[in-house]
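Participant: Take a look at the letters that make up each chain.
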Amino acid sequence: MTETIPMRVKYLKPILLASTLIGLSQWSGLSLAQTADQLYKRGLAATCANCHGTDGKGVVDGGMPLINNLTSQEMLAKLKAYKSGALEGTIMPQLAKGYTDEQLTTIANQLGKKQ
Amino acid sequence: MDRRHFIGQSAAAVGLLAGLSSQTKAANLQKAEILVIGGGYGGATAAKYLRLFSKNTARVTLIEPNTSFISCPMSNLVIGGSRNLAEITSPYDTLSKRHGIKIIQDSVSSIDPDKKTVTLASGKTLRYDKAVVSPGVSLNFKSVEGLAQANKDGITLQAWKAGPETVALHKQIAAMREGGTFAITIPEAPYRCPPGPYERACQVANYLKQHNPKGKVIILDANQDVTSKGALFKKVWAEQYAGIIEYRPKSNVVGVDAKTKTLKLEVEDDVKADVLNVLPQMAAGEIAIKSGLANSNGRWVNVNFLNFESTARKDIHVLGDAIQIAPLMPKSGHMANQHAKVAAAAIVAELSGWEVNPAPVLTNTCYSFVNDREVVHVASVHQYNAAEKTFKTVPGSGGLSPAPSTLEGVYAWGWAHNIWADSLG
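Residue numbers (our numbering), protein chains in the order written: chain A, -4 to 110; chain B, 2 to 426.
Excised from the complex, chain B in its bound form (with noise of 0.2 Å):
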């Protein structure tokens, strides 16, 4: 053997040994078994970007309880009456079909992070090497003296999570008498969508303002002011809401009487309305809780905004509403899909053996409709802070709309087409 050849043989060795380690990390990547619990934004979003990431190769099982994904933001404008709730509801199976995304239709009953198992129920238990657990919130009906029963018995709604109730909601709105009075109640922040309350109240006046025009909606707000785009929402009532929208903050709601359709409050006096839509506080989804993922006051989940693995149990990866947020981080299905990525480029780079991304990033945008075509906004980008170990918003960007607009309203539903593509499509 010559020198050349000997150096040419010593690289093909090195090349195949190059090739055998990187075999092995994608091997892992390739064999991991990751299951995403829970198909909101953030789950879905998830289980999609696992795959994008990986360039396929990640084996992903999405378990999620219902046939289809019904749109929070946008909901509004259903129990306001301008759309319906076919126009904001999207398939789950593009993610199976063009993704290769295992669907298992089912809830989780429990998860065992010691064996790393989930048990569905249906009673079949399945193994995980990583899990993403989405669960979105979960609402305290104790938190509300009487609240429990009156929304089983559908006399209160809470519509919080899209679905029915936000059919029914707009039923009782529509069948409201003449001159009645819509309530509805705000609990202390921090809750999913912080300007989602206010947002309804503007779609339920505006429907009062052209069918039942002596209508009244009250706000009764657990918080000190309006949580969310404050200014734009106050100039909104006074300005096309006039006589319509009260708004009293400081208003804690602790009981409801369902017989009489009153609010029972802290300090002021009893509110009776005619149609209630009570939100209770809230807390990260049940699944999480009862899994001991909650360690921030037994509510929400802390995480490693890194890679959003839980700081309680290993190879948990939380996302979305159920988490305990940086510092001026919504609760917001936007910022559920963008958790989403950082959680889905952090696993494909675990798994592959590499150093996850020290400088992810997020942005949140935030559209409100005030009345069925205008809108108004609040935006913000979030970069993470090595030294404090969270995401900060950057000094001097982000912000609020001028004024409402109809060019936002455009903006809106494409906003609100292009996430849906984004996380489902």
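This is chain A alone, in the form it adopts within the complex (with noise of 0.2 Å):
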């Protein structure tokens, strides 16, 4: 333990340094960063956006069932029954028709109600 401490602030210096000559744009910049995979899945869900509102929030009052108070299991459970055909609907039986499951999940994933 004593001899870990004093490491961690020599290896430290580099990276203050760096930090000095980047300026403080980098870090702001580092908290917003993603991964293409994020965007691949973000711009998946998105597909859902035209009815159900941008990230999920749909406009409330607006006519359309909400699907935001919705946890992610909940969600992938009633597009799975969409799918199949066990849930009636109008549209969604059609749409949820032309999605892999794996789609379906991360859609739901990403939509979901987090915990």
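These are calculated hints, taken from the structure and not from any lab test.
Just so you know, even glycine gets a beta-carbon here, dropped at the ideal spot from N, CA and C.
Covered by chain A, according to a simulated footprint, are these stretches of chain B (three or more residues, beta-carbon under 8 Å): (1) 330 to 343; (2) 380 to 386; (3) 404 to 412.
Sample of chain A residues facing chain B (criterion: CB under 7 Å; computed from the structure): (4) ALA31; (5) TYR35; (6) THR42; (7) GLY48; (8) GLY53; (9) GLY57; (10) MET59; (11) GLN89; (12) LEU90.
Need the complex rebuilt from these two chains, each delivered in its own frame; the hints are there to steer you.
Facilitator: In structure tokens form, the structure reads like this:
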């Protein structure tokens, strides 16, 4: 333990130096970082936004069923039920059949209420 | 320096290099000038999602001549008199206030793809690294003899681009003599909004049924048959508008006599009517044609469907009704919104140094009001097919309503409120 602490201090130095050179913007930039995979997932979930709102937050009392009260598990169960025909609806059974199970899982994970 | 210390410094150095690398790419995203031309369903959505997908780091400027957005979907209800223009109008300033998008109220007079500049009607020139062009359609008035002047004089109206003509057309219908005839003409597909003319005929018939019961609607369709939701529309015409709506397929209108309000057809006899709503052939918005982007028969823009980049010009991405569509992909507002999200994600990926998503998905839903409350829909899902480099509809997915319903009427308004908020809110 006693050895570890001064070591950390030592190798923090170049990072601090670098941060001074690059400027503070780097650190705010890093906090905004996302991966390509996250971008693809957001893009897929955005296919639902036309009807159910940006990021799944629909217009309240707008006339379309709201989905942002559902957990990811509940949302996936519903999407799969639409796809199999177990759950009736107007457009959703037709749309759910167009997505793979993996895509439906991604959508449910993206838009489901985070617990 | 002991070994552990050395590893520590190396790890920090590697981390630093990784940080620098991502910083450089992020800087490309942050430094790039992205111009979005046109604030319809495609352009407004692209501007907003470029900001959302870049976590508000991309510099986005939207160029749009109008002060507010007027929706083409739902505008047939204004023509039918059950809704007004204010109900289908949304402000643009939310895009600047909430999402930090710079909005320039102007129109684009030219694009120089070599210099990567855009010149505005006001004379100002802007540089871009990426341009998103979403100009909608242009109406080729020259495709019908006499139409350009008749429309200029307000004798015939198109009202296909929602706005003042939408209100003017309703006024013409409301002022029509008792027992008068309204004629709508439909050009050969492709044109913006395949079911739109048939929905419009329903809305006018619904108005006449209540206010001018001896009035008539004639649909002169250049196509072989109803191009969208055919069985549903025909059922409605027979059940709700018998004796009011007359449908004439294979009726190509080639001329208009404004003095006598007569339509000249290619083959059949002339048709005289009291109110003329002539929809001419359509092509990509003028700026796309002027800029050399319309490389499909000089009318539509071919794009790479992975990122919606024009196949004619690098770093110009084209969306919405202006593009040469993939098979079974409609020219609709919903589809333009979906194009925009694929393009926005691709642009963010490219500027971040990432591979563009190799498997994008698009959906379409389209609601048509058959009266002021009942609605029918068509829906589809389009998955990118890498082998054929196009979008293909998924077998077994999508479809039509079994019958008109008031529940779908509620959903149609829900769709409208949500897509307006998704594109502009």
